[in-house]
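Peer 1: In case you want the letters, here they are:
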Amino acid sequence: MSQDKVFIIIPAFNEEPAIGGVIDAVRAEGYEDIIVVNDGSLDKTSEAARAKKCIVLDHLINRGKGAATQTGMDAAKLLNADFVVTIDADGQHNPKEIHKLLNPLFDETADVSLGSRFLLNQDIPKSKVLANKIGNFLTFLFYGASSSDTQSGFRGYNRQALQKIATTFDRYEFESEVIYQARVHQLRMKEVPITVTYSNYSKDKWRGLEHMNVAQNLTNGFSMLFRMTIKSITT
Amino acid sequence: MTGEFLAYQVIILILCGFLILRTIYLFLRKKKGIREVLLAILIWGSFSLISLFPIILQNFAHILGFELGVNALLVISTILIFFILLRTLLRMDKMQNDITKIVREIALKEVKKEKI
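In order, the protein sequence lines correspond to chains A and B. The working numbering applies: residue 1 is where the first sequence begins, and numbers increase by one. The working numbering applies: residue 1 is where the second sequence begins, and numbers increase by one.
Do not take every clue at face value.
Unchecked claim - As a list, the in silico DSSO-like pairs of lysine-lysine whose alpha-carbon atoms are at most 30 Å apart: (1) A:K53 - B:K94; (2) A:K164 - B:K112; (3) A:K77 - B:K32; (4) A:K77 - B:K113; (5) A:K44 - A:K133; (6) B:K31 - A:K164; (7) A:K128 - A:K100; (8) A:K77 - B:K112; (9) B:K32 - A:K164; (10) A:K164 - A:K133; (11) B:K113 - A:K44; (12) B:K32 - A:K44; (13) B:K112 - A:K44; (14) A:K133 - B:K109; (15) B:K112 - A:K52; (16) B:K112 - A:K126; (17) A:K53 - A:K133; (18) A:K53 - B:K113; (19) B:K94 - A:K96; (20) B:K113 - A:K164; (21) A:K126 - A:K53; (22) A:K96 - B:K101; (23) A:K100 - A:K133; (24) B:K101 - A:K77; (25) A:K44 - B:K109; (26) A:K44 - B:K31; (27) A:K164 - A:K126; (28) B:K112 - A:K5; (29) B:K94 - A:K52; (30) A:K5 - B:K94; (31) B:K112 - A:K133; (32) A:K77 - B:K94; (33) B:K32 - A:K53; (34) A:K44 - A:K164.
It is worth saying that the hints were derived from the structure and are not from the lab. As the structure is a computational prediction, the values presented were derived from the model and not from experiment.
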């Protein structure tokens, strides 16, 4: 296990204030191979990540979290990763829990581990709960797959999953698509309870805008429904 | 036709005539191909014919099983609009995917170089 190459992928868009801290926290857990995918940020996210001496890949323009994560996965494949963990750049996930996602992969009881915010009793903003419910519903509707948290970005993959999963959605729908593709390729999935911290930083981004956040999530939900419909026609 | 033109017929004829002539003008200036000229003549010519002889639409509607020509026009137009919209969306989706592929390829350049 100690010989295995574990890569941590951090897709980031306009996360200059948080990205350095997230990289430090990941590194403190002993993970040295970190790939930051700067998804066309307008701030200095890329520079902040480069200052921490990790692999930084720059999207020239913003393509969405799904596209950025897949770019990170492609890079990990090229770098012969054995295991990959994706983690959000805003600091909401706790890097101390990376091992919780890796354990089922190490002991070969799963090929994909899905971090779930809803297996523990914790304080989650209503807008996030709503977004997840919409995501869960659409995942079930389009793919017939269910999970308690289809929209979590904290996930682990082994090499087999890394080779087989190739998402096509650029935005948040990709989280559902991962579950769908894992099912199609008969990969074993396991849900792992994770904690989330909506820090002052991430809360500040939305402070006073909770109602807008709910409205935006509803709009995103419709937009997801629309894009998933189009994609289901084309593929 | 009774020999007199109604106002809407005159407007449609002028508009369609203008659009056909404009396409021919652009063709002569080598800004459009022969295919586009033929298509313009077919589409705008059909509109002109239908406006001049509305009975065509009525007969066509009867063939399709509609009582009124206007019903046939509405149904066919709606289907056509949905078809065009869907085609446009599919093309846009493909273009978005292509853009992502290019952006990803550029982002991965360094990693690929290192690999070599």
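Peer 1: Against each hint, give a clear statement of whether it holds in the structure.
Peer 2: Outcome of the hint check:
1. Among the hinted pairs, K53 of chain A with K94 of chain B is inconsistent with the structure: their alpha-carbon atoms are about 36 Å apart, more than 30 Å.
2. Restraint check for K164 of chain A and K112 of chain B: satisfied, since their Cα atoms lie roughly 20 Å apart, inside the 30 Å limit.
3. For a cut-off of 30 Å, the pair hint linking K77 of chain A to K32 of chain B is broken: about 47 Å separates their Cα positions.
4. As the CA atoms of K77 of chain A and K113 of chain B are separated by approximately 14 Å, the hinted pair is consistent with the 30 Å bound.
5. Restraint check for K44 of chain A and K133 of chain A: not satisfied, since their Cα atoms lie roughly 33 Å apart, outside the 30 Å limit.
6. For the suggested pair K31 of chain B and K164 of chain A, the alpha carbons sit about 47 Å apart, so the restraint of at most 30 Å is broken.
7. A hinted pair counts as satisfied when its Cα atoms are at most 30 Å apart, and K128 of chain A with K100 of chain A qualifies at roughly 22 Å.
8. Distance hint between K77 of chain A and K112 of chain B is fulfilled; the C-alpha atoms sit about 11 Å from each other, no more than 30 Å.
9. Restraint check for K32 of chain B and K164 of chain A: the C-alpha separation of about 46 Å exceeds 30 Å, so the hint is violated.
10. For the hint pairing K164 of chain A with K133 of chain A, the CA-to-CA distance comes to about 27 Å; that is within 30 Å, so the pair holds.
11. A C-alpha spacing of about 25 Å is found between K113 of chain B and K44 of chain A, which places the hinted pair at or below 30 Å, so the restraint holds.
12. For the hint linking K32 of chain B to K44 of chain A, the alpha-carbon distance of about 46 Å lies beyond 30 Å, and the restraint is violated.
13. Between K112 of chain B and K44 of chain A the alpha-carbon distance is near 24 Å, which keeps this suggested pair within the 30 Å criterion.
14. Only pairs whose Cα atoms come within 30 Å are accepted, and K133 of chain A paired with K109 of chain B is rejected, the gap being roughly 38 Å.
15. Pair hint K112 of chain B plus K52 of chain A holds up; C-alpha atoms about 21 Å apart against a cutoff of 30 Å.
16. In summary, the hint linking K112 of chain B to K126 of chain A is not supported, as the alpha carbons are separated by about 42 Å, beyond the 30 Å threshold.
17. With a C-alpha separation of about 38 Å, the suggested pairing of K53 of chain A with K133 of chain A is violated against the 30 Å cut-off.
18. In summary, the hint linking K53 of chain A to K113 of chain B is supported, as the alpha carbons are separated by about 18 Å, within the 30 Å threshold.
19. For the proposed pair K94 of chain B and K96 of chain A, the alpha carbon gap of about 40 Å is over 30 Å, so the pair is violated.
20. Restraint check for K113 of chain B and K164 of chain A: satisfied, since their Cα atoms lie roughly 24 Å apart, inside the 30 Å limit.
21. For the proposed pair K126 of chain A and K53 of chain A, the alpha carbon gap of about 37 Å is over 30 Å, so the pair is violated.
22. In summary, the hint linking K96 of chain A to K101 of chain B is not supported, as the alpha carbons are separated by about 33 Å, beyond the 30 Å threshold.
23. With a C-alpha separation of about 24 Å, the suggested pairing of K100 of chain A with K133 of chain A holds against the 30 Å cut-off.
24. Pair hint K101 of chain B plus K77 of chain A holds up; C-alpha atoms about 16 Å apart against a cutoff of 30 Å.
25. Our distance criterion of 30 Å between C-alpha atoms is met by K44 of chain A and K109 of chain B, whose separation comes to about 21 Å.
26. Distance restraint check for K44 of chain A and K31 of chain B: the Cα-Cα separation of roughly 45 Å exceeds the 30 Å cut-off, and the hinted pair is therefore not satisfied.
27. Between K164 of chain A and K126 of chain A the alpha-carbon distance is near 34 Å, which puts this suggested pair outside the 30 Å criterion.
28. The hinted pair formed by K112 of chain B and K5 of chain A meets the criterion: a straight-line CA distance of about 18 Å does not exceed 30 Å.
29. Under the criterion of a C-alpha separation no larger than 30 Å, the hint pairing K94 of chain B with K52 of chain A is inconsistent with the structure, at around 36 Å.
30. A distance of roughly 35 Å separates the Cα atoms of K5 of chain A and K94 of chain B; the hinted pair therefore is violated under the 30 Å criterion.
31. About 39 Å separates the Cα atoms of K112 of chain B and K133 of chain A, which puts this hinted pair outside 30 Å; it is violated.
32. At most 30 Å may separate the alpha-carbon atoms for a hinted pair to count; K77 of chain A and K94 of chain B meet this at roughly 25 Å.
33. About 54 Å separates the Cα atoms of K32 of chain B and K53 of chain A, which puts this hinted pair outside 30 Å; it is violated.
34. Distance hint between K44 of chain A and K164 of chain A is unfulfilled; the C-alpha atoms sit about 33 Å from each other, more than 30 Å.
In summary, the structure is inconsistent with hints 1, 3, 5, 6, 9, 12, 14, 16, 17, 19, 21, 22, 26, 27, 29, 30, 31, 33, 34 from the numbered list given earlier, while agreeing with the others.
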